[in-house]
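S.K.: The lines below spell out each chain.
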Amino acid sequence: MGTMISKIVRTMSDIIAPLVFVYGAYVIIHGHMTPGGGFQGGAVFASGAGLLIVAFGAYSLQQKLKDKQVTLLESAGSLLFIGLGFAGLAVTFFFNFLVGTSFFGHIPPTGANAGDFWTAGVLPLMNIAVGLKVIAGIAVVMLTIALATTEVKK
Amino acid sequence: MRAIVIGISMGIILTLFIAAALLIHPFGEPPSAMDDYIFENSQQEIGTNETVTAVVFDYRGYDTLGEATILSAAVGGVIILFRKERGK
Chain A
1 MGTMISKIVR TMSDIIAPLV FVYGAYVIIH GHMTPGGGFQ GGAVFASGAG LLIVAFGAYS
61 LQQKLKDKQV TLLESAGSLL FIGLGFAGLA VTFFFNFLVG TSFFGHIPPT GANAGDFWTA
121 GVLPLMNIAV GLKVIAGIAV VMLTIALATT EVKK
Chain B
1 MRAIVIGISM GIILTLFIAA ALLIHPFGEP PSAMDDYIFE NSQQEIGTNE TVTAVVFDYR
61 GYDTLGEATI LSAAVGGVII LFRKERGK
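Going down the list, the protein sequences come from chains A and B. With my numbering applied, the first sequence covers 1 to 154. With my numbering applied, the second sequence covers 1 to 88.
Bear in mind the hints are in silico, worked out from the structure with no lab data behind them. Ideal Cβ positions, reconstructed from N, Cα and C, are used throughout, including at glycine. Hints should not be assumed to be uniformly reliable.
Beta-carbon label-pair distances, calculated as ranges [unchecked claim]:
#1 B:Ala21 <-> A:Ile8: 51 to 59 Å
#2 B:Ala33 <-> A:Tyr26: 30 to 38 Å
#3 A:Ala114 <-> B:Ala21: 40 to 48 Å
#4 A:Pro109 <-> B:Leu23: 35 to 43 Å
#5 B:Leu23 <-> A:Val91: 31 to 39 Å
#6 B:Glu29 <-> A:Ile8: 53 to 61 Å
#7 B:Ser9 <-> A:Ala76: 38 to 46 Å
Subject to a maximum C-alpha distance of 27 Å in a straight line, what follows is the list of computed BS3-like cross-link-like pairs (lysine-lysine) [unchecked claim]:
#8 A:Lys64 <-> A:Lys7
#9 A:Lys7 <-> A:Lys66
#10 B:Lys84 <-> A:Lys64
#11 B:Lys84 <-> A:Lys7
#12 A:Lys68 <-> B:Lys84
All chains, full assembly: derive it from the sequences and hints.
M.R.: If you want it as structure tokens, here you go:
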């Protein structure tokens, strides 16, 4: 089962990991209003997965998380991102076709303002797609390397 | 013969690099026309308050597509390198 880390670290990781996941999801979803975005929020979320791998070992995480499903999630994010790029092909590739509609299409006033969640067209959807991709990619890389190194040690 | 061709082409490339370094936009100068365009129009065109996200995902969407492709390739490489050997 790999090397067991102390109970203090395991308990604290149990408490901290959900907060890290929530913060990563917040950075991804609010990427079109606040600093951050898909890449940064995905890295935060995946660092929470790294915390769980360090605290509980790769084997216990692997029973909850099949790497085939995670790879599928990564491909889904990639396809969603490219599909959103192709969806604006009526004008050009990567055209922001949702600006002006009611779905994420509000236009904020020019200059400094408080912000509105339903703005920015396809940008929030692209943030979510890239976020899925980065979460799944970094998590599966860490899980695969952790599994390989524990097998070598044994 | 081959060394002469390689030398001449390297000389041309070096000249172009030096010319590019001399002609580059000076560091610390007021922003160029492209920056002004993005600052003034990103809120109207893209409808977002976050200009960085507007540049990354809209004005330079191709760049982000390349980054995402590189991430996919890196993940595939790691999985191929560290995969479990089945049937042993």
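S.K.: Hint by hint, note whether the structure agrees.
M.R.: Hints, one by one, checked against the model:
no.: 1; hint: B:Ala21 <-> A:Ile8: 51 to 59 Å; result: 55 Å, holds
no.: 2; hint: B:Ala33 <-> A:Tyr26: 30 to 38 Å; result: 36 Å, holds
no.: 3; hint: A:Ala114 <-> B:Ala21: 40 to 48 Å; result: 44 Å, holds
no.: 4; hint: A:Pro109 <-> B:Leu23: 35 to 43 Å; result: 39 Å, holds
no.: 5; hint: B:Leu23 <-> A:Val91: 31 to 39 Å; result: 34 Å, holds
no.: 6; hint: B:Glu29 <-> A:Ile8: 53 to 61 Å; result: 54 Å, holds
no.: 7; hint: B:Ser9 <-> A:Ala76: 38 to 46 Å; result: 45 Å, holds
no.: 8; hint: A:Lys64 <-> A:Lys7; result: 20 Å, holds
no.: 9; hint: A:Lys7 <-> A:Lys66; result: 26 Å, holds
no.: 10; hint: B:Lys84 <-> A:Lys64; result: 18 Å, holds
no.: 11; hint: B:Lys84 <-> A:Lys7; result: 30 Å, violated
no.: 12; hint: A:Lys68 <-> B:Lys84; result: 13 Å, holds
Against the hints set out earlier in the document, a violation occurs for number 11 only.
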